[in-house]
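Asker: The residues making up each chain are set out below.
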Amino acid sequence: MDLNHSNGTPSTAKILISGGFGVGKTTLVGAISEIRPLRTEEPMSDRSVGIDDTRGVSAKTTTTVAMDFGRISFASQLVLYLFGTPGQERFWFMWDDLAIGAIGAVVLADTRRVADCFASIDYFESNGIPFIIAVNCFDAAPRFEPDDIRIALSLGPGVPIVLCDARERDSVKQVLVSLVRYVMSDSRRTNQMSIG
Amino acid sequence: MVRPYALTRGRTLPSGEASFGLIDVVVATSARVPEHFRPGPEHRRILSLCRRPTPIVDLTSEIDLPLGVVRVLLGDLTSEGLVRVLSTQKQPANDQRLLRMVLDGLESL
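These protein sequence lines map, in sequence, to chains A and B.
If you read the first sequence in the numbering used here, its first letter stands for residue 1, the second for the next number, and so on.
If you read the second sequence in the numbering used here, its first letter stands for residue 1, the second for the next number, and so on.
Honestly, the hints are just simulated from the structure, not real lab data.
Glycine included, every Cβ here is placed at the ideal spot set by N, Cα and C.
A hint or two may mislead.
To be verified - Some but not every residue of chain B turned toward chain A, in silico, with C-beta under 8 Å:
#1 16
#2 25
#3 30
#4 33
#5 34
#6 47
#7 48
#8 49
#9 55
#10 84
#11 94
#12 96
#13 102
#14 103
#15 109
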């Protein structure tokens, strides 16, 4: 369905911000957007059975997640939403909801704990969601060359790796710009492949 | 304190065919409430908030109900023709026009 701008209907887009616990997802979102609260109280899905084992606790049929999201309104009636992916495994059920209709994802990495972003990378790779790696440059963290990080994360040569400071608005802006440029070039390539 | 799904009389999935993505935009139609439909206070709040086209995530945040509950209530309202889903994004990564808008927007920040 095409978007109609003449009657005040906003165009909407969303980007996922992912990565391990404490890597700076909330900081990044807060650096560039207005933070709004969102309550989700989802019925327990089949997938959460075994994680949240409800045997003997038959009354508990929903699980609650209070989360924030970021919102950036542009003059062009465009609203961009930034959703941090919930870190704990018991909230996997939220990921599909967040991922459907996303432009792509930023996987925020901390060089002291690179393994923390494996789950995010696996998810985006297996769901065909374009992503880039943004290395949050913590003051005390060791600095690595992007090529070292690429090897550590077993990434293909095409996935961009950028360095950032999640506290700095301009830095975060550059991360998001990098993602959108990557998705634009990636989708052209994909289209060409599917045509040819 | 009301258990959230009490507002939906225990229903956890929306009725009807419409899907309600987080950033889909909904709007109230000007249709009259059908005789057989008894909108609850939350239905009315949604109708009031959706007088202007509103993304579902903003609606949910504003109304301060869980997303799953808002989806069930929206399902009722769309089934009765009182709300319409205006836009959905399924393949945004292939939508060069949208990507260009986002890029231009970000670069203007």
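Asker: Of the numbered hints stated previously, which ones are contradicted by the structure, given in increasing order?
Answerer: 1, 3, 4, 5, 6, 7, 8, 10
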